[in-house]
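First to last, the sequence lines map onto chains P and L. Start counting the first sequence at 0; every next residue gets the next number (numbering that gives the first Met the number 0). Start counting the second sequence at 0; every next residue gets the next number (numbering that gives the first Met the number 0).
Just so you know, these hints were derived from the structure itself, not from any lab. It is possible that some hints are incorrect.
[Unchecked claim] In the DSSO-like style, the derived pairs of lysine-lysine whose C-alpha atoms are separated by at most 27 Å in a straight line are:
| # | chain 1 | residue 1 | chain 2 | residue 2 |
| --- | --- | --- | --- | --- |
| 1 | P | K238 | L | K284 |
| 2 | P | K32 | L | K191 |
| 3 | P | K32 | P | K152 |
| 4 | P | K32 | L | K93 |
| 5 | L | K218 | P | K32 |
[As the list claims (entries may be wrong)] Stretches of chain P that chain L covers, calculated by requiring three or more beta carbons in the stretch to come under 8 Å of a beta carbon on chain L:
| # | region |
| --- | --- |
| 6 | 29 to 40 |
| 7 | 167 to 181 |
| 8 | 226 to 235 |
Note that the structure is a prediction, hence the values are computed from the model and not measured. Ideal placement from N, C-alpha and C gives every residue a C-beta, glycine not left out.
What follows is the residue order along each chain.
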Amino acid sequence: MGNAKINRNSSPSLMYERGMRRVIKSVPGFLVKIFLNLWCGFSLFAFLWILIGSLKTNRELFENVWGFFQAPQWSNYANVWNNYHLNTYFINSLLVVLGAVFGLIAICAPASYVLSRIPFKFKEAFSRFFTFGMGVPYQLLLVPLFFVLFSLKLINSLVGLCLVYIALSIPFTIFLMMGFFKTLPSQLEEAAYIDGCSPIKTFFKIMLPLGRPALVTSGIFNLIWLWNEFLLALTLLTKDSKYTLSIGLYSLQGSMQYTGDWVSLFAGFTTVVVPTFMVYILLSRTIMEGLTMGAVKE
Amino acid sequence: MIILFLLPVTVLYLFFFIYPSIRAFYVSLFDWSGFSNDMDFIGLGNFIELFHDSHFWSVVMNNTFIIIFIGGIIIFTIAFILCGVLTTDIKGKKFYRAILFFPSVVNPVAVAILWSFIYNKQWGLLNNLLRVIGLENLEKAWLAPDTLIWSILVALVWMYTGFYCVILLAAFDRVPQGLIEAAQLEGANELKIFFKIKIPMIWDVLTTAIILWCINAVKEFSLLYAWGGGVDVPPPGSQNLATYMYMTAFGRRVTIYRMGYSTAMGVVMFLLIVTFVIIVSLLAKRETIEY
């Protein structure tokens, strides 16, 4: 049998056939590689093009969309920041999003610790109650939420929006944190108990520091989705001094269509995307790992 | 202590999530303009009206379904193809992965703006490119009603493909190399390895990803709204269920605010998502092969 194999390998016609097969096999691979490079190249180019565009004059843009700027026009940024109030929107966004993320972590971490590790009556029901919310599209809540906030006089209020953001992020955050706390070893708690730690102390001194990866991951995910959130902000904020960046950018787009001041819109785009980009560069490993944690149950 | 730890979260959740959820189903049974106290109970009247609303059907059929089915097929096909390269020992994997994924974390309004620069009729990149390579006759107003939904679809595909690609990549990484080598020794070709080993082994993740896509595609709002969903009379093909729902209740220039009718659409959206999840889970009932 060994002989037969050697013969097969050395037969010239078969070797030729194999070579052909390899070539045919590698052609799709080659094409796919080109496709991948085109795809990523396009994304890179698009963002760079906007960055460069934001420093052009409108004339330069219309005359040659592919060209580079002659002198960087920082005034485009000053224009959108001051005249189109992007500075206000930026601060609003920052306040709402950071407030919501810290609030969320502060209330969800203790709750998910209790739900995942302390035995008590109705524990299972409680966990279900919280994770049930993940299946409800938040659009369904749009009208009732508007009137809840309306009766609380929290329409056009950043505090109101922040509370809504926290409430709507609770299911996912608790789900993620519970999953993490469940994996921690129970010996640590037992040791703490023997040493005379109260449950509250155990939580703050031991479990919370250990749970840091889960807190960071859920923090980043909420940070990104809330920074980009559009629909709820659009519904619950109608006064333009309260706008967040998403709506600010949307209204900017509306007015630029009439003024034709496109380069300022490029600058507005950059203002919104750069913070995301920085968070992404700093934390992309955590983001990918968190994503994997959620999707791929190990 | 248990109560102390659970109280704040429970109160907020009950008040701003559970109560509005229940209230939504209640409101959908009324004819209600919002700021007046007279809510007319009309039972399933809103749903019956929806059933006869031709705009609603065009919105659900043309857009929601175009986005979910056609968009989903394109996104997952491309994601699989890209995974094919990214699971080989190509250089700079992390770099590619990071660039692929980035569009899905960018603000969707910004994505809408980016693509409106590309599609712009006079100076947009696409028309400019066509001019440069001598295909002037293909120049178009890409955001005009007749092509709008396809332009939106292209932007959505660009935005989300990387996201699903990264999820699938994580799953593919889990497939043990030994199994693939064994199959290669047995003489299985790439296609056979792909369909008989890799796919069955990532089945659970693939199902989750498809369900996730269905849910997100039904809810997709920002991109469509930013492109003409917000004008007085939205051109056909620029709306989906989510934007039509928003316009009915809160549209800035709408004369009658119809809260009940809008919420009924929300209920339909919820049912649509539940249906998708059930269908996909039933179709995917196959067990993931454990190794």
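Within a Cα-Cα threshold of 27 Å, do P/K32 and P/K152 meet the stated pairing? violated, 56 Å
Straight-line alpha-carbon gap P/K238 to L/K284, limit 27 Å: This hinted pair is violated, its Cα atoms lying about 49 Å apart.
Agreement of P/K32 and L/K191 with the hint, judged by alpha carbon distance not exceeding 27 Å: Judged against 27 Å, a Cα distance of about 21 Å means the pair holds.
Count the residues of the region 167 to 181 of chain P whose Cβ falls closer than 8 Å to any Cβ of chain L, and tell me whether that reaches three. holds (count 4)
Verdict on chain L covering the region 226 to 235 of chain P, where coverage means 3 or more residues with a C-beta closer than 8 Å: Since 6 is at least three, the answer is holds.
For a C-alpha distance cap of 27 Å, please report whether P/K32 and L/K93 respect it. Holds. P/K32 to L/K93 sits at ~15 Å (cutoff 27 Å).
Given hint P/K32 paired with L/K218 - CA-CA distance at most 27 Å: violated, 33 Å
Mind taking a look at whether chain L covers the region 29 to 40 of chain P? Criterion is 3 or more residues with CB to CB distance under 8 Å. Holds, because 6 residues of the region 29 to 40 of chain P bring their Cβ atoms closer than 8 Å to Cβ atoms of chain L.
Violation of the numbered hints given earlier is confined to hints 1, 3 and 5; the remaining hints are satisfied by the structure.
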